[in-house]
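Chains G and D, in that order, give the protein sequences. If you're matching positions, the first sequence starts at 1 in my numbering and goes up one per residue. If you're matching positions, the second sequence starts at 1001 in my numbering and goes up one per residue.
There's no promise every hint is true.
To be verified - Computed list of lysine-lysine pairs in BS3-like fashion (alpha-carbon distance at most 27 Å, straight line):
#1 G/Lys-101 - G/Lys-26
#2 D/Lys-1115 - G/Lys-90
#3 D/Lys-1026 - D/Lys-1115
#4 D/Lys-1090 - G/Lys-26
#5 D/Lys-1091 - G/Lys-90
Hint data in this document are derived by calculation from the structure and do not stem from the laboratory.
Listed below are the residues making up each chain.
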Amino acid sequence: MISFEHYLLLSTIIFGIGLYGILAKKNAVAVLMSVELMLNAVNINFIAINKFIVQGEITGQLFAIFVIVVAAAEVAVGLALILSIFRQKKSVDLNDFDLLKW
Amino acid sequence: MSILDLVFIVTAGITILASIGVVTSKNILHSALFLVLSFLGVATIYFQLNAAFLGLVQIMIYAGAISVLIIFAIMLVMSEDINQSNLTHKKGSFIGVIVAGFFTFLVSISIVSTKFGAVFNNALENPVEDIAVMLMGDFVIAFEVAAILLLVAIVGAIIIAKGAD
Chain G
1 MISFEHYLLL STIIFGIGLY GILAKKNAVA VLMSVELMLN AVNINFIAIN
51 KFIVQGEITG QLFAIFVIVV AAAEVAVGLA LILSIFRQKK SVDLNDFDLL
101 KW
Chain D
1001 MSILDLVFIV TAGITILASI GVVTSKNILH SALFLVLSFL GVATIYFQLN
1051 AAFLGLVQIM IYAGAISVLI IFAIMLVMSE DINQSNLTHK KGSFIGVIVA
1101 GFFTFLVSIS IVSTKFGAVF NNALENPVED IAVMLMGDFV IAFEVAAILL
1151 LVAIVGAIII AKGAD
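Bound conformation, chain G alone:
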């Protein structure tokens, strides 16, 4: 029988995979994709808690909508930054992104 805990465990596993991607990947676009995985895991948590813990309210789904809005804005600005840095450095390797170091 699938219960509340199974949804939380699924979301934890996806969040862990995203965390590994952020720490391990060289490519900046891959790091952005891992952030998307983590945001998806958070959304699963919001909706599962909204279904199983709160009675007769829909606040969790509203928060998930706002998370999606912020994720869309974040991806647009993040990819624009990557494009802009690629024009200067001819690379998307995070080790080459040292413009603010001196």
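Starting from the known structure of chain G, fit chain D onto it as the hints suggest.
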């Protein structure tokens, strides 16, 4: 085991395997396509949680718009060999396995050992109407702020990506 449990197990398995594919594949275009599959799997999880509106939003915005944006960016920034475009740091991979594994283990243990008071099975009659009423009622300021955030993000993305000239 009912049919719904089977559906959950299959979709959750596909979602987890696709997420692992995102972080392990060497070709970044394959990673992006695995990411689309993972988004669709999460959308089916939303449908199983009685959040049909969120599932449709997930398919339209994540699987439709964000993945296309990511694939466009990949096409614009690739210069070297695409089959070696998504490698991992040696050291970062080691640290990542330890940190992510420890985190997942710790949170899973706490989830399993927590007693979640009263667990309802919340089946709302008309969830889309409730979302609309709350979005235009109690949460109207957050709604307007989200609109301004999107506007600022669009303008900022255009200005950043346009370059100096």
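Each hint, compared with the structure:
Pair hint G/Lys-101 plus G/Lys-26 holds up; C-alpha atoms about 18 Å apart against a cutoff of 27 Å. Between the alpha carbons of D/Lys-1115 and G/Lys-90 the distance comes to roughly 53 Å, so the proposed pair goes past 27 Å and is violated. A threshold of 27 Å between alpha carbons decides the hint, and for D/Lys-1026 with D/Lys-1115 the separation of about 41 Å lies outside it, so the pair is violated. Of the pairs offered as hints, the one joining D/Lys-1090 and G/Lys-26 holds, with about 10 Å between alpha carbons and a cut-off of 27 Å not exceeded.
Distance check on the hinted pair: D/Lys-1091 and G/Lys-90 sit about 24 Å apart at the alpha-carbon level, within 27 Å; holds.
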